[in-house]
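> Combine both chains into one complex, guided by the hints.
Chain order of the listed sequences is W and B.
According to our numbering, the first sequence is numbered sequentially starting from 3.
According to our numbering, the second sequence is numbered sequentially starting from 2.
Don't read these hints as lab results, they were simulated from the structure.
Heads up, a few of these hints could be off.
[What the hints assert, rightly or not] With a straight-line cut-off of 27 Å between C-alpha atoms, the simulated DSS-like cross-links for lysine-lysine are:
1) K377/W - K108/B
2) K33/B - K203/B
3) K70/B - K89/W
4) K107/B - K377/W
[What the hints assert, rightly or not] Distance ranges between label pairs, derived from CB positions:
5) L182/W - K40/B: 37 to 43 Å
6) A323/W - K159/B: 36 to 42 Å
7) A94/W - A61/B: 55 to 61 Å
8) I129/W - K40/B: 58 to 64 Å
9) P156/W - S123/B: 37 to 43 Å
10) A110/B - I129/W: 56 to 62 Å
11) P156/W - K40/B: 35 to 41 Å
12) L182/W - G114/B: 39 to 45 Å
All residues carry an ideal CB built from backbone N, CA and C; glycine is no exception.
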Amino acid sequence: MTVNRASTRLVPGCILLITLLLVLLVKVPSGQAIPAFSRKYGTSCTTCHNNYPELNDFGLAFKKNGFKFPKDDETFVKQDAVLLGSKAQKEAFPEAVYPGEIPGTIPIAFRYEGNLVYSGAQPGAVIANGGFVPRTDLFVPNTFTIISAGSFGPNFSFWIDDDISAGATGAGGGLGDGWLKYNDLGHIFHLPLNALNVRFGQFELDLPFTNARTPYLSGYDILGEGALAQGLPCGGGVVVCGTTNNPFILGTPQRGIEFGGYPNNGNFVWSVAVVDGTNSAYGLGSALTARNSKDVYLHTSYQFNLERDPESRHAIQAAGATGPHDHTSLRVGAFYYHGTNQQNSGGTLFPGIAGTIEDPFYRVGAEVRFKYRSKFELYGVALHSHDDNHLVDLEAGTVTKTNAVTSTGGFVVGNYWIFPWLIADMRYDFVNSPSDFVNGVSEARTRNRFSPGYQILVRANIKVVGEYQRHWGVPYQNAAGSTLFYRPNTFVTGIDYVF
Amino acid sequence: MYTRLSSGKAIALSGALLLLAAASQAGDIKGKVSVQGIKSAEHIAVYVDAIPDKKFDPPAAKPVVDQTKMTFNPHVLVVQAGTTVEFLNNDPVGHNVYWPSISGNKKLAHNLGTWPKGEKKSFQFNDAGVAGLLCNVHPEMNAYIVVSPTPYFAVTDKNGNYEIKNVPAGKYTLKTWSEDGKVTTQAVEVGAGTVTADLTVKK
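Just chain B, same shape as in the assembly (with noise of 0.2 Å):
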């Protein structure tokens, strides 16, 4: 028996087959970073920019950001826009937690307030961008939640070594952020296997 397809179930299906390709040619993108004018390649956040057209499920997944003896741990996170982070305070002192904008943009500042040991807050970050976290009472203390606008990100060891896996063929384009350096993009063409993308940042 034949069942005979519409024209637009067929797109679908091809588009669908397509997809699970491209997805089976999934590939990793690793590479070192490094610095000039920088006092360490480490806390470098490496991401694939957002992809036109294409939009991405918020993961259920929830990283937490620790607040003991007296820092944030980890110092920079990377996560997928719409991701939900936790911040936990684990000091016997009082912290608060507040980003006084997201690359700049002062609309979007907030401040979690203060909670006690122990216990988390949530908060879900929509918008692509940097958040600088600040604790209003210790203000040596700081963080920063890179929101990335794909699934596909990392953050680079002391080394200044970062990997990015399951990146579905294509290409991308890779963009860097660092605390104290310019932003880097680099074009990067992903196949099957891994593709190797050395970056530079700079002061």
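Just chain W, with the same shape it has in the complex (with noise of 0.2 Å):
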């Protein structure tokens, strides 16, 4: 026992000492770093991303602009494309194909992801019924991804990024996103710059603030959250059930063609997007059910910008005394999500039953974010979800509707940058889901989670990045039977690098 105790004070004191030789190896960036756009323009990570993946204003504008510079891009290239015909083949159209252009070198990026886990203790009980985890585990999840991205000339963009291991939080492996797009394709119709484009392929939705890419060690709990009607399932004995069985994910990437556009200097964004749902099996080999139908997202928002240098507030980044900085902002916005979930359309889901059996669903959420130059930010989101729901019953053979399976929930993020390479995070992820809470997933009905944290910029390409999890109450039964709930908490910390 005596040794256990030992290595149990040990093992923490390892991870203690482990972070601490990490930021000690801090120093301040020099810079060089680096993935396809880095090359492209011989320029470091940082004028895009002050705390990578998140873009800054430059970088927003970059990505908007199709990926490339918002102003005299072609100055700034310093690698060169291939030409896919010359400029002056335009006027032989249509009796020659179009030109265009490929990067001149294979925009190529790498990323890896490496945490550290360390959990706090489990009860008995919990470890008795199968959940044991282990208190540290070094370097899981462990991921490493493939992102290609660029140009195909004037109009087109592209992007492809692939987990190739599997395991980090939010991708299981496999195609994040792939997908082309049109860039300005309004001018055809005289609208401002880049205020109408159209995206084709597999694409994260045009949320307020992106799951796919955020910066943190965990999704954001609302963006993962599904619905399930509370009760057991049907089968087993169950002949009595809800329908609702919803394993539609807000923050997942899917298949579709979007629609849209940031006019007014980007501070007006708008999106709408037809998209297959996440709940659709066509295609995935799931044991999800296929549907014909297609779901739809709407996404506005409107960013007042607050500089009071009117000169800087049309600029990119706002100019200031030490340098260009983020615009201080203040966006607001909202989102609508509508789609159908389809069960039973051959029969065997439930039997007896006749018939596909369609719960309608919608999510509406709405957004808040300011920002402070590019020293503070404070953002959140409240979604809220509901989902039709049907009482099945197969020994009568009867569909009545019943109370929906809702949830209401959201987070909200604090940033703060004590230097361009030391960032403090604080972030509050809520959920309340009456549904969840019967079915024995929290203490109760809101969940809540606080994830205070950190990312070190060891340099412009390579972060050390810690998270602490304070988790909600999970329940478990002990040995007499009695419901008891503690915390999975977790303190995960790992490295994160770009190349």
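This is how it looks when you write it as structure tokens:
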């Protein structure tokens, strides 16, 4: 026992030591960081990121401009593109293929993330029920990602990212995004620059705050929330059950077509997407139900630029006494997703029930973000979920509409740049789901998670990231059959580099 | 008619004549800088170090450091102490110019801020030393201003060659500064004509 206690004390001590050593490695970043755009333009990651992968104002303008510099792009390119036809060939169109171009060098970048996890002690009953989690786990999850992105001439841009290894939070391996975008389609209709673009392929929805490319070690809880009717599912002796069993996850990339734009210097953002829905099985080869219907997603937001200097308000970054910085701004917006969860198409899920059961659902939310220069940001999302629900009686063979499955939640995030290379984070996630509560997911109806953290840019392309997650209470039963609760708190820290 | 000079005036006149004679004997210093352990001999500053009891008026000319295509141009600029340098933003993106110290003296750090394309900001460099120019949004941007205590200086070309013209005759200390190498000093005696001084800069 003495040995065990000693080792128990030793392990967190080692973790602290390793963390301290990692911190001691930190110097002021010298800057030569790197992926595809860094190589193309010969510039540092910090040109577009204050804390990668989060974009700063210049990075947002670069992205919105089809991965090109907002002004005089060609003069900044250090790697010339390969022309797929001369520019003069435009005149020969339609008798010839319209000229385009591809990047001069293959625009490939790589990212590795590996984390060390320290978990809180588990009650004996939890371990006895097969839920053993080692107190420490080195460099798991452990993810290697390939990213390719760029432009094909003035109008087309593209993005592909694929997690080669599996395991990172929110990434089960495989393709993340893979899309082609036609930028500034609106110029045909004499609309303002970038007022209308169209994107095809698989992409994360135009969410207020990205879940796929968040700088944090864990995804936003509300963007990973599914919907499950309370009570046991049908089968195994259960003959009356709710139908809502919607695996739809708002934060997961979808296949579809998106129209959108960002006129008025990017202050106004809008998008409309028609997508398959993450709960449509077609083409996925999963046990989900294939369906014909498509889902619709709408998002709009407006940014109030709070810079006092009128010239700065219209510049890509605001001018400051000590250099350019992000605009002090306030962005507010709203989004709406509508879809249908279809089940029992083949009549096998609910034997005896004829026909498809359709549960329409929607997600509606609002966003707010305040940013003070490149120093501080505070943002959050509130989201309400509503899934229609039916009561199936397998014996009676009836389907009747019943109370919807709803949940409400969101997150609030604060980031403070102590130095350009040292960022302190504080996050609060909450999800209020009565059905999850009844289904034994949490101690209370509202699941709260506090996640203070830090991000250290050892170099512009190397980060040490850490996050303590104070988890909500999770129920378990002890040997006597009483229901107790414990918090599976974790401390996660690790390395993240791109090149 | 003779005008009788006082002894003080005579000394001043003789001094002026000596200076004139020295000036008339001005020569050039030229040579080649070789490097050891350094990638290139280009952009190495070579200058005559401070001359005791000798001060120079600041020049009227204002050299320009240009910011174009996200680079400072030139990469190394040598100026005489007291020179006003103009910084031009020639890019459609926001830049700033700052230096965290001059030769390690952080009290001489300065930040010129941000200004739009086509405009200039100026700064007078009075303290001899080296200012490493940086841009706080484009950390790959870097250049140096070497503030020489004398008006006798040059920057090496890509082959390491340099030439300092019109140096008055005399004995001086020649000094180098390079981005990656140690400071090298070498005594040199200038007379009429050209004197050759080859130097080696080590990492």
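> Please go over all the hints and tell whether each is borne out by the structure.
Here is what the structure says about each hint:
{"no.": "1", "hint": "K377/W - K108/B", "result": "25 Å, holds"}
{"no.": "2", "hint": "K33/B - K203/B", "result": "14 Å, holds"}
{"no.": "3", "hint": "K70/B - K89/W", "result": "24 Å, holds"}
{"no.": "4", "hint": "K107/B - K377/W", "result": "23 Å, holds"}
{"no.": "5", "hint": "L182/W - K40/B: 37 to 43 Å", "result": "41 Å, holds"}
{"no.": "6", "hint": "A323/W - K159/B: 36 to 42 Å", "result": "38 Å, holds"}
{"no.": "7", "hint": "A94/W - A61/B: 55 to 61 Å", "result": "58 Å, holds"}
{"no.": "8", "hint": "I129/W - K40/B: 58 to 64 Å", "result": "59 Å, holds"}
{"no.": "9", "hint": "P156/W - S123/B: 37 to 43 Å", "result": "38 Å, holds"}
{"no.": "10", "hint": "A110/B - I129/W: 56 to 62 Å", "result": "58 Å, holds"}
{"no.": "11", "hint": "P156/W - K40/B: 35 to 41 Å", "result": "37 Å, holds"}
{"no.": "12", "hint": "L182/W - G114/B: 39 to 45 Å", "result": "41 Å, holds"}
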